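There are 8 protein chains.
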Amino acid sequence: LRVGHPEVIYCEGKTVEQVKGIVEFMLTKEKNIIATRANKEMYRAVKSICEDANYNELGRIITIKKEKEKYTESYIAIVSAGTSDLPVVEEAYETARAMGNKVIKIVDVGVAGIHRLLAKLDLIRGAKVIIVVAGMEGALASVLGGLVDKPIIAVPTSVGYGANFGGLSSLLTMLNSCASGVSVVNIDNGFGAAYSASIINKL
Amino acid sequence: LRVGHPEVIYCEGKTVEQVKGIVEFMLTKEKNIIATRANKEMYRAVKSICEDANYNELGRIITIKKEKEKYTESYIAIVSAGTSDLPVVEEAYETARAMGNKVIKIVDVGVAGIHRLLAKLDLIRGAKVIIVVAGMEGALASVLGGLVDKPIIAVPTSVGYGANFGGLSSLLTMLNSCASGVSVVNIDNGFGAAYSASIINKL
Amino acid sequence: LRVGHPEVIYCEGKTVEQVKGIVEFMLTKEKNIIATRANKEMYRAVKSICEDANYNELGRIITIKKEKEKYTESYIAIVSAGTSDLPVVEEAYETARAMGNKVIKIVDVGVAGIHRLLAKLDLIRGAKVIIVVAGMEGALASVLGGLVDKPIIAVPTSVGYGANFGGLSSLLTMLNSCASGVSVVNIDNGFGAAYSASIINKL
Amino acid sequence: LRVGHPEVIYCEGKTVEQVKGIVEFMLTKEKNIIATRANKEMYRAVKSICEDANYNELGRIITIKKEKEKYTESYIAIVSAGTSDLPVVEEAYETARAMGNKVIKIVDVGVAGIHRLLAKLDLIRGAKVIIVVAGMEGALASVLGGLVDKPIIAVPTSVGYGANFGGLSSLLTMLNSCASGVSVVNIDNGFGAAYSASIINKL
Amino acid sequence: LRVGHPEVIYCEGKTVEQVKGIVEFMLTKEKNIIATRANKEMYRAVKSICEDANYNELGRIITIKKEKEKYTESYIAIVSAGTSDLPVVEEAYETARAMGNKVIKIVDVGVAGIHRLLAKLDLIRGAKVIIVVAGMEGALASVLGGLVDKPIIAVPTSVGYGANFGGLSSLLTMLNSCASGVSVVNIDNGFGAAYSASIINKL
Amino acid sequence: LRVGHPEVIYCEGKTVEQVKGIVEFMLTKEKNIIATRANKEMYRAVKSICEDANYNELGRIITIKKEKEKYTESYIAIVSAGTSDLPVVEEAYETARAMGNKVIKIVDVGVAGIHRLLAKLDLIRGAKVIIVVAGMEGALASVLGGLVDKPIIAVPTSVGYGANFGGLSSLLTMLNSCASGVSVVNIDNGFGAAYSASIINKL
Amino acid sequence: LRVGHPEVIYCEGKTVEQVKGIVEFMLTKEKNIIATRANKEMYRAVKSICEDANYNELGRIITIKKEKEKYTESYIAIVSAGTSDLPVVEEAYETARAMGNKVIKIVDVGVAGIHRLLAKLDLIRGAKVIIVVAGMEGALASVLGGLVDKPIIAVPTSVGYGANFGGLSSLLTMLNSCASGVSVVNIDNGFGAAYSASIINKL
Amino acid sequence: LRVGHPEVIYCEGKTVEQVKGIVEFMLTKEKNIIATRANKEMYRAVKSICEDANYNELGRIITIKKEKEKYTESYIAIVSAGTSDLPVVEEAYETARAMGNKVIKIVDVGVAGIHRLLAKLDLIRGAKVIIVVAGMEGALASVLGGLVDKPIIAVPTSVGYGANFGGLSSLLTMLNSCASGVSVVNIDNGFGAAYSASIINKL
Ligand SMILES: Nc1ncnc2c1ncn2[C@@H]1O[C@H](COP(=O)(O)O)[C@@H](O)[C@H]1O
Ligand SMILES: Nc1ncnc2c1ncn2[C@@H]1O[C@H](COP(=O)(O)O)[C@@H](O)[C@H]1O
Ligand SMILES: Nc1ncnc2c1ncn2[C@@H]1O[C@H](COP(=O)(O)O)[C@@H](O)[C@H]1O
Ligand SMILES: Nc1ncnc2c1ncn2[C@@H]1O[C@H](COP(=O)(O)O)[C@@H](O)[C@H]1O
Ligand SMILES: [Mg+2]
Ligand SMILES: [Mg+2]
Ligand SMILES: [Mg+2]
Ligand SMILES: [Mg+2]
Ligand SMILES: [Mg+2]
Ligand SMILES: [Mg+2]
Ligand SMILES: [Mg+2]
Ligand SMILES: [Mg+2]
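Residue numbers (the UniProt record's numbering), protein chains in the order written: chain A, 46 to 248; chain B, 46 to 248; chain C, 46 to 248; chain D, 46 to 248; chain E, 46 to 248; chain F, 46 to 248; chain G, 46 to 248; chain H, 46 to 248.
Honestly, the hints are just simulated from the structure, not real lab data.
One should not assume that every hint holds.
Some chain A residues flagged as far from chain C (calculated, every beta-carbon gap over 12 Å) [to be verified]: (1) Ile54; (2) Cys56; (3) Glu57; (4) Lys59; (5) Ile67; (6) Glu75; (7) Glu102; (8) Leu103; (9) Tyr116; (10) Ser129; (11) Lys150; (12) Asp153.
A few chain B residues facing chain C, derived, Cβ under 7 Å [claimed, not checked]: (13) His50; (14) Glu182; (15) Ala184; (16) Asn209; (17) Leu220; (18) Cys223.
Here are the simulated DSS-like cross-link-like pairs (lysine-lysine), alpha carbons at most 27 Å apart as the crow flies [stated by the list, open to error]: (19) B:Lys74 <-> E:Lys165; (20) H:Lys165 <-> H:Lys147; (21) E:Lys165 <-> B:Lys85; (22) H:Lys76 <-> A:Lys85; (23) A:Lys150 <-> A:Lys165; (24) B:Lys150 <-> A:Lys247; (25) G:Lys247 <-> G:Lys165; (26) C:Lys76 <-> C:Lys115.
The structure displayed is predicted, hence computed values, not measured ones.
Every residue gets a Cβ at the ideal spot worked out from N, C-alpha and C, and that includes glycine.
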């Protein structure tokens, strides 16, 4: 059905053998492959059958580039709050790249130091679509929503403790954003945010 | 800051006098005006100072058209599950219109009768961006996510009872969508969905 | 009290010795035996006292066939969404078999690719009772509920992350199904679903 | 698609006019009609266009009998805990009757007085399928599950207060039943329980 | 025990007669009196026995000034996000005043328009202690926390709908603030915030 | 303050050294000692300084008998549902014994097999106070509440999975008991139940 | 089955006619009658068929004294935190009286003014069993648990707002009491607390 | 922006290398450094580049003193309930010290033994600001709030089990405090409490 989209495996709860088997089958098609939530062992198994496999360890994601598709000219900006949010940033980044997008990362611009965010505003506003990644209280999405006029896909992360309840706090924050133009994906779902952003970036 | 976007009032928890006062002030600018969650009395008060005010009773939304902006050629599709979801559909519809979008409504195509949905697929696929409105279990977003390749903004509604917990059930369903390309706004937030969809439709 | 039903042990929170002891006692009766949530070590201990013990590793379930009961002619269809749901499918399958049912498995037909589901519809409709197993957003139960006219026992699984909250998301989805004819068992309770389905299949 | 099933309207959140309009359209088909969660005013409106309409005030349900279908010989037993659960019992009763089932009601047999339940056991065991309706702590489903060998559809009700949390307490009780053969529908969903029970009773 | 603090009544769940009676008794002491969550009828009853009673209708709070205490020179800043948060602002304001504090209100500076907030920063920084009042996603506390070096008492409000869950969203946001120096009181508890702020302001 | 009550340590979250140190200090008083939630290593450390220390491994509880107090003539009955509830039973048992009570255990009488419970009724009714221990859906407390006229202290256990939510299900069941005479302690709190029961048994 | 206990009706969700009918039937037995959660209209209906009926308006409870039973010599102490908790106090009081107990009320001794509580300690310690009624944060039960050596039945009330979540806050507080000897009943369940206390008081 | 405040790292979810790198960079500034939630390995890595680094193992916090700032004369009192709360006490203590405060610790004064608390009252009242640390039911904050007239920063801890839900119980208790003057930080957030207290202590 879909043209131009990669084949995707969600590795959580699968065995190394299962992941390897699925990739093997996918290699017969002429499409890019992404395997999210993959551990190192899975990567080694995939590498053994496909030299071109790459592994982003922080993002826990395997990518195999088969399509020669050119990258977009418009870009997706991935904006994140703290360094602990980087795994989600990387998952989003690799996904967006595997789908053929130009991507710019602007990290460590959480709202506790608003001036660092304001300093990057032109770069962010230049994007066609923006992914915001934030844990703890997740206020970055609201603040950015008030500053830019581009579609924002917000990803709450599970970074935090106590009354954060595994990301619930930032999820609720983002859903209740007082600024408009923000829509939300599941906690830690960097992949899903990039997928939505890619469809929008290619419109 | 923003050009081309309407002035917006959220009327819940405001008095009739407050709403009237805010509209009065907004009328001095050359922009469209939307007042969401407005009751009839608020409408009458607004009408008394502005002949052009319109009221969508089902959607509980007042709109005042000031801009002569042309409508977009690409369209937003608003797809909904049951008749009880119509108030949210109408809020989204009026918001999208006030922002200058061509909009098509496809209602009553819930997943309990999948063939009614499949029959409308071409019309839905023709849209540039899709708003999905569904309560109860909210499965419509996932199903549609698998069938189309356009960005989907999903709006869970509070329609239902018991273990629906005021829309929580459909909210979680949509956040956990097994199909990609779906991002989510707050429960019953037709306004927010239309706002995001409009930004995307105008890209 | 019950005739024709197997003896059942729930192994979670029991020691290997306790499981072995209970099985030893049960072997004195002429009934089939099921031990759910059993690990490999438990299986080895049981095997050491009963040659006929079988172990389904994915489903984590030990079965011992003692009754010569014939299988039913009507069948139970077990329909599941993704490969990560397979452990629950296998628990249901082994339980249904140990209770003397003909069973057909239709896996990997999640709603993100509705056409795969539609392709299997005749096989599913041929069943006397249907078990639906799905995690993430669990929409499969609603969709199938609208397509078939047989009793559906829905099993939400804990497959997913973030706002899935350990299966809560699919549990709520299934309880709020907009299609009728769907009743629900506990999260990951493949055993319970098969038990209910077996009683119905033998009516 | 469905043969032998009534047309159903869920009146909650619909206007009197909408309900009347939908019934008017349904009357053109030769099927029974059920309108659940209907208030008296809705009944009067329906009555004005259809002499045959009946209203069960406790169950808040309108039924219109058009089919001449004979009633089943096997029966559905509806077993309930307290008098406050009666509205749900009545919704289930009317639904099951409109679908052509013989139905027997056994009310006020909650577990606080287990002997009243035991006294009715033969009548309950004689049913082909059992609906259990209980609020507060909902223990009736587990107790009955251990006493009978028929499929049980359990309906938690919102009867109770405080830590009952609107029926959550009995819902969880029923989902965690230590007795097997119990599956569960939404809180207060007498309609859904009867629908499932009817499909099973006609197998 | 306490010197310099007013007598306080929490009127919710009390009858008009009870409130009047308690005030009557309190009037015998030489202290200021506050009655929070008071309706108009309660005010009239209090006014009938004490000419000096004042009523802030928006804040639903009655105050009676008996002490001749001078106001503090340092001030408390009450900063709020939207107009719907004003009732909580007023409850905090009246409480702080009744406790002898100089107070400055800075309203309608929510994070969706960050520049309005930045414009008021000097005034806010001049305070000895800051009360932040915000509903919806409550991000204002975090943003302000990063901009000022004064103790912040954050009050989440129940303003919002859907996934706001009656103020839970802003409560969690404020508890998880990524900026330091923020402590939190109960949802809508303007009184408690002012009480804490007053103790701090008088240190 | 208290006479006749043992010294009690809650070992969870303490180091072996801390537990040993506290016991050492307690040994200087002439009272019985209980250390709950103690692991084997803690027991060995305690044993090394006190020959008389005993360890109930299942109940994870260390007891040291110093008082020569005679046991009560009236007894506490501890009634439990399944074998997985035994750790809590043992914690309650050891606590009650260390407080000088005669105790009788009646285990494995869950409501799924009500006749086993009815068979033990005389023994249970003979107690002065009853502790009920049950996990999964916790219905045993309600059923017993209707059958006996003695005070019941109910202990929900965390036994179960999925919608059990770590014992929440049985906790809510017990709090909502439709039978009277039941009060409840924290999930898995065998110690607390025995403590309350002991005070009552000695009245 | 039970001797010496009153007949009890829970009026919530029953019609005036139903309540009257049940009382009429109960009057044929020689037992006291309690009707909890009764409104004034129900009282008038009951009064019309039974001159001896009494109504405690604050506690919303009807009592009819038929038994000539003498009151106990030992007493139950009902200790409460604030004036808003009085309805629950009254429900408990009337229930305990109707069951033949001597009862002493000690109200308005919440922990915010610990000295008022300490002043009443002898009176409280003189009781055979203690009922503690408290809303908001419910700390009174823990504090009292550390001061007395009698069984405590704690009743959380729904008094409070915001993060009180309808009594959840005090319920959890009481279940987690760091002092021993405290067991808990449902939120606002004055009746249940008195029932348990009465059984204990009569041991 | 901030003068006189330490540089702070939150180590959770960072690698040893990342922590070391950040500290290395921070050492170039003339400020104190705090690294919270740090494990031993992180400490060794930091020690290897900075001889002056200290590690509080219980509090899991690294501190590096660079500023010669004098300590305050007024003091912060840290009051805690049980020994299991000590890690949070230590995190708060080290943070307050690194920010230049005189600090006094009063531990093990939980409400189950109120007299131990009353014995320390003068010391506590002498503080300029008070941090209260308590788990389980967290009642200490309310009790102290009624006894002192200084600002209280309450820290709920995750100490407890079952219905404690990871600290939720004490969090809600503290937010609902019936005594005034109490504001709350996140569960286990000793750092945040000390930060707020330090700002107040230096006013
Ligand atoms: N129905 C709605 N749901 C969510 N946000 C809304 C809604 N209507 C308006 N808003 C937002 O609320 C803001 C106006 O709030 P206010 O100033 O309180 O009227 C607008 O700028 C919108 O971003
Ligand atoms: N996986 C399972 N989920 C729910 N209930 C189960 C499961 N396996 C066994 N049971 C039930 O647990 C009972 C056995 O429990 P036990 O006596 O503790 O081994 C059986 O009678 C079954 O009804
Ligand atoms: N009380 C009820 N609870 C749950 N579902 C219902 C109820 N009554 C009707 N329904 C379902 O709702 C559908 C009708 O919805 P609607 O078209 O909105 O009137 C029917 O086909 C039934 O499946
Ligand atoms: N709006 C409020 N929110 C929280 N606590 C309050 C509020 N108003 C008053 N209080 C507290 O409630 C106490 C009075 O309660 P009461 O004796 O029931 O009137 C006062 O001492 C205050 O501490
Ligand atoms: Mg924006
Ligand atoms: Mg799609
Ligand atoms: Mg169906
Ligand atoms: Mg059964
Ligand atoms: Mg700050
Ligand atoms: Mg009883
Ligand atoms: Mg005590
Ligand atoms: Mg105080």
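Hint check results:
1. Distance to chain C contradicts isoleucine 54 (chain A) as a non-interface residue, since its nearest Cβ pair spans about 9 Å, not more than 12 Å.
2. At the 12 Å boundary, the C-beta of cysteine 56 (chain A) falls inside the reach of chain C, the nearest C-beta of that chain being 10 Å off.
3. A cut-off of 12 Å between C-beta atoms contradicts the statement that glutamate 57 (chain A) is not in contact with chain C; the least separation is 7 Å.
4. Non-interface call for lysine 59 (chain A) relative to chain C: violated, since the shortest CB-CB distance, roughly 7 Å, does not exceed 12 Å.
5. At roughly 8 Å from the closest C-beta of chain C, the C-beta of isoleucine 67 (chain A) falls inside 12 Å, breaking its exclusion from the interface.
6. Consistency note on glutamate 75 (chain A): stated as away from chain C, and its beta-carbon is indeed over 12 Å from all of that chain's, at 20 Å minimum.
7. The claim that glutamate 102 (chain A) lies off the interface holds: its Cβ sits roughly 19 Å from the closest Cβ of chain C, which is beyond the 12 Å cut-off.
8. Interface exclusion of leucine 103 (chain A) from chain C stands, the closest Cβ pair being 17 Å apart, more than 12 Å.
9. For tyrosine 116 (chain A), the requirement that its beta carbon stay farther than 12 Å from each beta carbon of chain C is met, with the minimum near 27 Å.
10. No beta-carbon of chain C is positioned within 12 Å of the beta-carbon of serine 129 (chain A); the least distance is around 16 Å.
11. Here lysine 150 (chain A) stays apart from chain C, with its beta-carbon at least about 22 Å from theirs, past the 12 Å limit.
12. Distance to chain C confirms aspartate 153 (chain A) as a non-interface residue, since its nearest Cβ pair spans about 23 Å, more than 12 Å.
13. Because the beta carbon of histidine 50 (chain B) sits about 30 Å from the nearest beta carbon in chain C, more than 7 Å, this interface hint is broken.
14. The closest approach between the C-beta of glutamate 182 (chain B) and any C-beta of chain C is roughly 4 Å, which is under the 7 Å cut-off, so the hint is satisfied.
15. Interface hint at alanine 184 (chain B): satisfied, since its Cβ lies 3 Å from the closest Cβ of chain C, which is below the 7 Å cut-off.
16. The criterion of a C-beta within 7 Å of any C-beta in chain C is met by asparagine 209 (chain B), whose closest approach is roughly 5 Å, and the hint holds.
17. Residue-level restraint check for leucine 220 (chain B) holds (minimum Cβ-Cβ distance to chain C is 4 Å; threshold 7 Å).
18. Interface hint status for cysteine 223 (chain B): upheld, as the beta-carbon distance to the closest one in chain C is roughly 5 Å, under 7 Å.
19. With a CA separation close to 24 Å, the supplied pair lysine 74 (chain B) and lysine 165 (chain E) stays within the 27 Å bound.
20. For the suggested pair lysine 165 (chain H) and lysine 147 (chain H), the alpha carbons sit about 18 Å apart, so the restraint of at most 27 Å is met.
21. The suggested pairing of lysine 165 (chain E) with lysine 85 (chain B) is violated, with an alpha-carbon distance near 37 Å, which exceeds 27 Å.
22. For the hint linking lysine 76 (chain H) to lysine 85 (chain A), the alpha-carbon distance of about 39 Å lies beyond 27 Å, and the restraint is violated.
23. Proximity of lysine 150 (chain A) to lysine 165 (chain A) is assessed by CA-CA distance (about 11 Å); at most 27 Å being required, the pair is judged to hold.
24. For the proposed pair lysine 150 (chain B) and lysine 247 (chain A), the alpha carbon gap of about 24 Å is at most 27 Å, so the pair holds.
25. With a C-alpha separation of about 24 Å, the suggested pairing of lysine 247 (chain G) with lysine 165 (chain G) holds against the 27 Å cut-off.
26. Of the supplied pair hints, the one linking lysine 76 (chain C) and lysine 115 (chain C) holds, its CA atoms being roughly 14 Å apart against a limit of 27 Å.
Checked against the numbered hints given earlier, the structure breaks hints 1, 2, 3, 4, 5, 13, 21, 22 and satisfies all the rest.
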